[in-house]
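Number of protein chains: 2
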Amino acid sequence: MTQTTKVAVIGLGSMGFGVASSLLRAGLTVYGFDINPDAVARFVAKGGTEGTLADVAGDLDAVVTVVLNAAQTEAVLFGEGGAVPLLRKGAAVMSCATVAPDFARRMEAACLEAGVMYLDAPISGGPIRAADGELSVLASGTADTFAALQPVLDGMASHVFNMGDEAGPGSAMKAVNQLLVGVHIATMAEALTFGMTQGVTPDKFYEIITKSAGTSWALENRTPHIVDADYSPKSQVNIWPKDLGIVQDIARSAQFSAPISAAALQMYLAAQGMGLGAEDDAAVAKVYARQSGLKLPGEE
Amino acid sequence: MTQTTKVAVIGLGSMGFGVASSLLRAGLTVYGFDINPDAVARFVAKGGTEGTLADVAGDLDAVVTVVLNAAQTEAVLFGEGGAVPLLRKGAAVMSCATVAPDFARRMEAACLEAGVMYLDAPISGGPIRAADGELSVLASGTADTFAALQPVLDGMASHVFNMGDEAGPGSAMKAVNQLLVGVHIATMAEALTFGMTQGVTPDKFYEIITKSAGTSWALENRTPHIVDADYSPKSQVNIWPKDLGIVQDIARSAQFSAPISAAALQMYLAAQGMGLGAEDDAAVAKVYARQSGLKLPGEE
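Top to bottom, those sequences are chains V and C.
One point on numbering: in our numbering, the residue at position 147 of the first sequence is 974, and numbering is uninterrupted.
One point on numbering: in our numbering, the residue at position 108 of the second sequence is 935, and numbering is uninterrupted.
So that you can see chain V by itself, here it is in the shape it has in the complex (with noise of 0.2 Å):
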């Protein structure tokens, strides 16, 4: 009789719920964990395993924490209540927030010593393709980690890059896809603004760069929410000040001089400083739009 794989999720926020759902409907019994009680009901109400922690810890088979940042990963592993020193010896903690490297190395270390897997798992791809089960994974860990982990794997990624046999290079991996995409976004906005300033319209813009060598995977994600005036967001202002800040205390710690990534940094900090951050990230293109006198689409 095939055992069904029993997993915990931590933080059911805009990626952590589509991750339990992908779970859930790959035939996993999953239970979901957050700090805001409604989105546990809302995941219980969907089909997900209702118990405490603490109680359930001990029969799981994987924790996959989804989180926002490494103070947080920390803290539900191996904070007060934490899931770490509940778990039994031989289950495995996939860790899906953007952290530096040293960090994630750390962690890997701390549940080795509990007798824990540990999986660097940091994720691509949004809410959408989390909640479809299609997200990317740029994993390292051993052998015996990721084969632990295979039905979670399975059940919420599309890609899956093993990046290694330890911590450490998967969330390496992430922090330079996160330098590449917030520089390719602000950068975008650079251009388009700067387009508007010689009369070049943003939907004129669009229909060009795309079809030209300027074009990017972030330029042609996000120019529309800028084209349609549409800053629901996808992709908050909010994540890059975290993940550039990564960047660079990661670049800091290795004494490399990464100019251009800081420059996209600054902006996003001042969209943060306009009172933009919950906005989506297109909406650094407002800051630009602001020191230059300039009207976006759905603009008085």
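Because the hints were derived from the structure by calculation, they are not lab data.
Model, not experiment: these values are computed from the prediction.
Please note that the accuracy of each hint is not assured.
Given that identical chains are not distinguished, each listed pair holds provided it fits within a single copy or across any two copies.
Below, in silico cross-link-like pairs of lysine-lysine (DSSO-like), each with a Cα-Cα straight-line distance of 30 Å or less [as the list claims (entries may be wrong)]:
1) Lys1061 - Lys1038
2) Lys1031 - Lys1061
3) Lys833 - Lys916
4) Lys1061 - Lys873
5) Lys1069 - Lys1031
6) Lys1122 - Lys1038
7) Lys1061 - Lys1122
8) Lys1031 - Lys1122
9) Lys873 - Lys833
Since chain V is already given, all that's left is putting chain C on it; use the hints.
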């Protein structure tokens, strides 16, 4: 009886030679001019028609200028022995250099005063597509000008974007595109070397990022040059201080703050300062590598 279009291509560098050759292949009568007599001789050997500009200008339907910048464009059109005063009324000039929109408008006005049509027509695509007649042209000018230059556009381009009915928007769109491409190449270099400090090899970078949200056309096109340690110039570092300089000049005139492209420009200037100006623009990665003690593929 159909009359063969007679065209002069001024500037037989890596782009101009390809344009002139494509026009030959399309069946036009093509004169090639360059300050380098070897380039002219090479073009005549390929089938170009011999003749001095002074002798043939009165008989030309069109002049295509494929020179480096605004100063050279103005010199070959209006300087000593320049083409425009020699052309018959109704002939057309097609200007392909990357220039400021204001310069393009000034050239159009000067041409119109001489009874000559003017197409603001920056090109994109690189030397290989130039040789294949597969360039993209970001063009603006009157309908009559487009019509007069149709055989030329057909012979040299696979995509012609009509940006508007007067000079300016073509050059504006080219500047927008160059802002993006210039930033994307330098950001690829920043991300690739940043990754190396965290143990991500350049080939792993290429493999993963081209399938991830961090990808861009420029990244996919240039990263292999670094992975293969091939810096033979498909497009030189020297292009970017020129083109991002034009971007910054336009931005300054418009009181538009463009910090990300300004940061990217500094990296290309550093590459020039390190003596890498004539290498492929992917060599901007060497600036990052030298600043951080990294060895790129092919380096000791």
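How the hints compare with the structure:
1. In this homomeric assembly, Lys1061 and Lys1038 come within 30 Å of each other (Cα to Cα) both inside a single copy, at 24 Å, and across copies, at 20 Å.
2. Proximity of Lys1031 to Lys1061 under the C-alpha cut-off of 30 Å is found in both arrangements, the shortest distances being 23 Å within a copy and 29 Å between copies.
3. Within a single copy, Lys833 and Lys916 get their C-alpha atoms as close as 15 Å, which meets the 30 Å cut-off; across copies the closest is 82 Å, which misses it.
4. For the homomeric pair Lys1061 and Lys873, the shortest alpha-carbon distance inside one copy (22 Å) is at most 30 Å, but the shortest distance between copies (55 Å) is not.
5. With identical chains, the CA atoms of Lys1069 and Lys1031 are at most 30 Å apart between copies only, with a shortest distance of 25 Å across copies and 32 Å within one.
6. Taking the closest pair of Cα atoms, Lys1122 and Lys1038 come within 30 Å of each other only inside a single copy of the chain (25 Å); across copies the shortest separation is 35 Å, beyond that limit.
7. Taking the closest pair of Cα atoms, Lys1061 and Lys1122 come within 30 Å of each other only inside a single copy of the chain (22 Å); across copies the shortest separation is 39 Å, beyond that limit.
8. With identical chains, the CA atoms of Lys1031 and Lys1122 are at most 30 Å apart within one copy only, with a shortest distance of 16 Å there and 42 Å across copies.
9. In this assembly of identical chains, the alpha carbons of Lys873 and Lys833 lie at most 30 Å apart only when taken from the same copy (16 Å versus 72 Å across copies).
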